[in-house]
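From first to last, the protein sequence lines stand for chains A and B.
Each residue of the first sequence is one higher than the one before, counting from 1 in UniProt numbering.
Each residue of the second sequence is one higher than the one before, counting from 1 in UniProt numbering.
Please note that the accuracy of each hint is not assured.
Unchecked claim - Restraint-style ranges between C-beta atoms, simulated for each label pair: (1) G109/B to P163/A: 47 to 57 Å; (2) A197/B to V162/A: 25 to 35 Å; (3) T135/A to A5/B: 49 to 59 Å; (4) L26/B to T236/A: 48 to 58 Å.
Since the hints were derived computationally from the structure, they do not count as laboratory data.
Where a beta carbon is used, it is the ideal one built from N, C-alpha and C, also for glycine.
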Amino acid sequence: MNLSRREQLTGRLFLIALVLVTLLPFVSMLSAALQPRGTVPTGLAWPSDPQWGNFVDAFDVANMSALLRSSLLIVAGVVPVAVLIATMAGFGLGHLRVPGGRFAFLLFLLGLTLPFEAVITPIYYQVRDFGLLNTRWAIILPLIGLYMPFAVFWMRAHFVNVPQELADAARVDGSNTWQLFWRVQVPLARPAIASLTILLFLWTWNQFLLAIVLVDDPAKRTMAGALGAFQGQWGTDQVLLCAGSLLILTPTLIVFLIFQRQFIKALLQGSLKG
Amino acid sequence: MTAPAVRARRRRWARTARWSGWLWVLPALLMYAVFVLRPLALTFQYSLYHWNGIGVARWAGLSNYVTVFTDRDLLKIIGNAFILIIFFSFIPVGLGLLVATLVRRITTGVFGTTVRTILFLPQVIPLVAAGIAWSWLLSSNGLVNQLLRGIGLGGLTRAWLGEFDTALPAVGVIGAWVLLGLCTILLVTGMSKIDPALYEAARLDGAGPVREFLAVTLPSLRQEIGVCLTVTVIAALASFDIVYIATGGGPGLQTTVPGLEIYRLAFAQRQVGLASALGVVLMALVLLCVLPIQRLTREDKG
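Sequences are here, hints too, so could you generate the full structure?
See the structure below:
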């Protein structure tokens, strides 16, 4: 494009400035995390003697290995089940077109913009009555339900667009619905399923409200919930808080940087559909 | 068997087969019913009672709702959520448009990808982490004040999240930081779908960059802008994580938002009925804001 050099330059400078602003919170946290413990850190000052050991301390204090395990358990409880039953429902509503399916679909749509805060109180009492408070199930089960509006909407949108002829061909070959689903439809739906998996993983890992309401023990929470507890406990020790926060947000950051393209694509599609 | 009988039987079989399709929907529907629909119904029910969560619930009629709409504190709290829309929605969408235009026009290759990836980072970390990072940045000896002192504006330094006038905008800035990347990328994607012939035509008509933006880019991005607004308005109205971590709602009620107040009313003050009424109102407000956006930006999609 024929832009003047000056225009190019100001544009680039503006973008670079914005990138710096985006990175500043992370850098500032890192610089604080490397100051000697017990000192009052200032915003951004590279310490003469960076205390990398602070990360080791934070790792121990935050009980990181337990937190990671807990978050992984919760993700493992939520994501496969949610993806599976949403795919099945999407198949039923989008492809089999069950009688009355429109109504069921509208019912799911109802939950699409629902703020979790609006139902957290009854969920608390319900989970308590089930005797599940302070267990990971207290986060896992409600999250599966809360994800259903979006997940079903997502998978149905995929199945609606699969040509009917494919299914007819499979039927002629003598496969029943179950085989049709697993052998033909699921392999075809792989991209949609992959995006949904990424989204649900991210949302589960970062889920905060359910974690702090339903589980008291930080070692049984999601990463975000644990981070909340960590802040409550070490909020006055800025050095340790920064080191701990950086540790806790590193896993998502690494996963994101590895699967960047898929993440961005999933989140884009996610918001376009939602 | 006669031919019609066979046909009828086959039809009946087909019908049961179609009904058996519900088995596929059932697991999802069950989880949804137990963990969303039932709680949703209970929220409505609780909102009609005075209940402390333990003792006997007393019928309250609509008085909880009257409280939500007349109590000055609660009205202020709802107002806060609307002020946050300016920061969570208008700034990321406006700035996102500018950035997306720049990214599209200026950058190709590695620079552009890097810019997009980095701007997107805040979207993948927990909001809680964003809250902690910015609390540190905005604290008395944080980076923002350090910079102000550095450029000789030491008089402006303050505890940004702790003072009455600056707390809410400061929380808003955190939201803008989080949401800018998502909006930018959505808008860049939308722009890449615009037919280049439109730009050529505009240029032949002698349109400058600004006219080109107003006449071609903006109208073509209607749907993407709608999506950005929808996502960010919901994020503003239903905000919780950032506020809980960065300010806890203070100072005073300066940064308290409905989500936080529901949490406090239900679990700290044991006013389950009032918390539920506020929950219902919040739900209604989200719909009231989001539905018109959807209507306005999607109608020509056919």
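Hints, verified against the model:
no.: 1; hint: G109/B to P163/A: 47 to 57 Å; verdict: violated (38 Å)
no.: 2; hint: A197/B to V162/A: 25 to 35 Å; verdict: holds (33 Å)
no.: 3; hint: T135/A to A5/B: 49 to 59 Å; verdict: holds (57 Å)
no.: 4; hint: L26/B to T236/A: 48 to 58 Å; verdict: holds (51 Å)
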